[in-house]
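The listed protein sequences correspond, in order, to chains R and Y. Quick note: the first sequence uses the numbering used here, first residue 1, plus one each step. Quick note: the second sequence uses the numbering used here, first residue 1, plus one each step.
Derived by calculation from the structure, the hints in this document are not laboratory data. Ideal placement from N, C-alpha and C gives every residue a C-beta, glycine not left out. Just so you know, not all the hints are guaranteed correct.
Distance ranges between label pairs, derived from CB positions [to be verified]:
| # | chain 1 | residue 1 | chain 2 | residue 2 | range |
| --- | --- | --- | --- | --- | --- |
| 1 | R | 81 | Y | 89 | 26 to 32 Å |
| 2 | R | 167 | Y | 7 | 54 to 60 Å |
| 3 | R | 117 | Y | 159 | 46 to 52 Å |
| 4 | R | 137 | Y | 38 | 53 to 59 Å |
| 5 | R | 81 | Y | 88 | 54 to 60 Å |
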Amino acid sequence: MDIFLQIIISGVSLGAMYAVGTIALSLLWGTMGMMNLAHGSFIAIGGYMAYWCMTVMGASWIFVLPLALAAGMLGGYLLYHLVVRWMFERKEFSVDIIIATVAVAALVENGLLNVAGPEAKRQPFSISGGLKLGDVVLPYQTILTVAVAIILMVIVLYIVTRTKMGIVIRAVSQQQVASQLMGVNVMSAFAQAMMLAGGVAAISGVLVTGATQLFPGVGFDTTIKALVICIIAGLGNLRGAIFMAFVLGLFEVAVQYIFGQQYGFPAMLSLVIVLLILRPHGLFGKETVERV
Amino acid sequence: MNRSAQNTKRKEIWRDFWVGLAFVAIAVLIPVFDPGNYILSQITLFFIWAAVVTQWNLVFGVAGVYSLAQMAVFAIGGYATGMMGLYAGWNLWAALPIGALAAVIASFLIGAANLRLRGPYIAIMTLAIAQVLYALIVTDVECFIYKGKLCLNFTGGAKGLIQYGDFGFKELLGFKYRVLGDYYLGLVLLILGMLFALFIMYGPLGATFRALRDNRICAEARGVDRVRNQLLVFALSGIFTGLAGGVYAGIQRTFGPDVLSSTLLLFLLSMMVVGGRGTKWGPILGAGALMLVDTILRDFGEIRVAGLSLIILVVMIFLPRGLVGLVEDIFRWRPQSRWDERVKDGIARVDFREFQRLRNPKKHPLGTSGNNG
Numbered sequence: 001m002d003i004f005l006q007i008i009i010s011g012v013s014l015g016a017m018y019a020v021g022t023i024a025l026s027l028l029w030g031t032m033g034m035m036n037l038a039h040g041s042f043i044a045i046g047g048y049m050a051y052w053c054m055t056v057m058g059a060s061w062i063f064v065l066p067l068a069l070a071a072g073m074l075g076g077y078l079l080y081h082l083v084v085r086w087m088f089e090r091k092e093f094s095v096d097i098i099i100a101t102v103a104v105a106a107l108v109e110n111g112l113l114n115v116a117g118p119e120a121k122r123q124p125f126s127i128s129g130g131l132k133l134g135d136v137v138l139p140y141q142t143i144l145t146v147a148v149a150i151i152l153m154v155i156v157l158y159i160v161t162r163t164k165m166g167i168v169i170r171a172v173s174q175q176q177v178a179s180q181l182m183g184v185n186v187m188s189a190f191a192q193a194m195m196l197a198g199g200v201a202a203i204s205g206v207l208v209t210g211a212t213q214l215f216p217g218v219g220f221d222t223t224i225k226a227l228v229i230c231i232i233a234g235l236g237n238l239r240g241a242i243f244m245a246f247v248l249g250l251f252e253v254a255v256q257y258i259f260g261q262q263y264g265f266p267a268m269l270s271l272v273i274v275l276l277i278l279r280p281h282g283l284f285g286k287e288t289v290e291r292v
Numbered sequence: 001m002n003r004s005a006q007n008t009k010r011k012e013i014w015r016d017f018w019v020g021l022a023f024v025a026i027a028v029l030i031p032v033f034d035p036g037n038y039i040l041s042q043i044t045l046f047f048i049w050a051a052v053v054t055q056w057n058l059v060f061g062v063a064g065v066y067s068l069a070q071m072a073v074f075a076i077g078g079y080a081t082g083m084m085g086l087y088a089g090w091n092l093w094a095a096l097p098i099g100a101l102a103a104v105i106a107s108f109l110i111g112a113a114n115l116r117l118r119g120p121y122i123a124i125m126t127l128a129i130a131q132v133l134y135a136l137i138v139t140d141v142e143c144f145i146y147k148g149k150l151c152l153n154f155t156g157g158a159k160g161l162i163q164y165g166d167f168g169f170k171e172l173l174g175f176k177y178r179v180l181g182d183y184y185l186g187l188v189l190l191i192l193g194m195l196f197a198l199f200i201m202y203g204p205l206g207a208t209f210r211a212l213r214d215n216r217i218c219a220e221a222r223g224v225d226r227v228r229n230q231l232l233v234f235a236l237s238g239i240f241t242g243l244a245g246g247v248y249a250g251i252q253r254t255f256g257p258d259v260l261s262s263t264l265l266l267f268l269l270s271m272m273v274v275g276g277r278g279t280k281w282g283p284i285l286g287a288g289a290l291m292l293v294d295t296i297l298r299d300f301g302e303i304r305v306a307g308l309s310l311i312i313l314v315v316m317i318f319l320p321r322g323l324v325g326l327v328e329d330i331f332r333w334r335p336q337s338r339w340d341e342r343v344k345d346g347i348a349r350v351d352f353r354e355f356q357r358l359r360n361p362k363k364h365p366l367g368t369s370g371n372n373g
């Protein structure tokens, strides 16, 4: 029974990390149709901001999240105006942007490597200790991550569905020319979407690196896993992605417990491939009709 | 196909023939000038990467299936070759076809796993497959056989496979000329791979792949079997990718999981992108350009990756068709006629006589008299 509980707790911790990572990815895919492989750089930037703020500057933890948010938003703004903007009109945007953002990710990783050094650091924005449930311990960090994931999801959903900014972003993503004719500033709408996603990704980076360690390439694995989760949930479906993050986190931990540490991710991926063969649009994705 | 289209195609084949001949002639003659072992080994590496990228281009550029798992196929080819040498004790020459076969099977399976996905989904899925392969190899710590007291893992783990022999150029040519053996082996690999790719691109298969890429639904409506063709392009591209993996393993004499690193993937991807996706000579041109840049940047080790990624970004933004597109634009550029300029300025009146006069001022110096009725 204890082992069972332990698996559930570890699975929820892992799932919380995935969930927090999928929000920004889902947002960008749902609004701009863009797969952001540079998501890992935002995670790393958020983590390094926290490290810089608390360890180097010695400031209070209160400043960490606003700082990460600001850095992520700045990163999103720059990414849009330096890279994304110039390829948006192309027919093959969805693939071109993958190549371009892989390059951006490598660039940021290399930059962090040169500025901050290759060694793994401990990121100070984390809570030690945990809640005792019988013989197993529920770490406070997990509770914090789950809470922040849910809060971020609610905020992002609120912004996208209820505020004027979100309506503009969705309108542009659905009918770019029509919304331009209605007087919407298309470029600014996309820049806003990218800033929102960048800020959310950087905050998730603070949480993810708090539970593991901090090194320049920290975000890459998380990005791949989060993207796979987004695909299985149906890209752009925020609630489905969060749900699947927890399911797959539990599955991965269970496999790790039963078969050994290294088979977690391969088993999860095989499951995803099988599910996608059965349902190519994801579990919660809508089937779209293609017109010629 | 009508006659003019046939003529154009024939012209194109001749052009490709001369370009290829010039390339081979230069490549054969380079060692005559004795540029030193370092340069020769860099060029050998260029041959191998170019061979991989030409095959990748078949999948990614010609068939439009955005697979990022080509390095995984390459790794499987190399590992299979090395393992046959290490565990079965085969000569590496004999192990090469086994490596190619393993790569074809792996590539086929990857293609099959992605059959129902499309576009960017495939990119993410294949990237994840490559990542899984890397994780499985790096975490492989169980002993498979013992060599003396040394414990060897099945895949060689994070250190990689070693001591599986090589192609025997040292015994055949002597220590000094071993590099030359590697060099010409790489060249032969590239020539064969390129011929193979050209045959596919000119043949009916290439036309089928392009049709599926450009408009999947129309192609399917005309009776093109997408499933069969996707499996076919993956399997075909696996042949020379696997051979390249085996040749790389034999030349480097060690084969480790670093061939699956994201840096190398980015490097090869940028070769294809910089050269021009879906073009015939783009992969080789891009591989040459990137190897040149890489050799220059090697002295600045810490910014090498940053330099490469900046090049990719600049090419993606300013030259979406790659270097081949740039060369084409330069060759096709001609001074615009006054008619075109006026059309562009929006002041053109649709006036046939005016048009003829501007197009051909000698024949119709003052408008026309004979054609105004």
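Status of the hints after comparison with the structure:
Range check, residue 81 of chain R to residue 89 of chain Y: about 59 Å between beta-carbon atoms, so the 26 to 32 Å window is missed. The beta-carbon spacing between residue 167 of chain R and residue 7 of chain Y, approximately 57 Å, falls within the hinted interval of 54 to 60 Å. As the Cβ distance of residue 117 of chain R to residue 159 of chain Y is approximately 25 Å, the hint placing it in 46 to 52 Å is violated. Between residue 137 of chain R and residue 38 of chain Y the Cβ separation comes to about 56 Å, which falls inside the hinted range of 53 to 59 Å.
Taking the beta carbon of each, residue 81 of chain R and residue 88 of chain Y are about 57 Å apart, inside 54 to 60 Å as hinted.
In summary, the structure is inconsistent with hints 1, 3 from the numbered list given earlier, while agreeing with the others.
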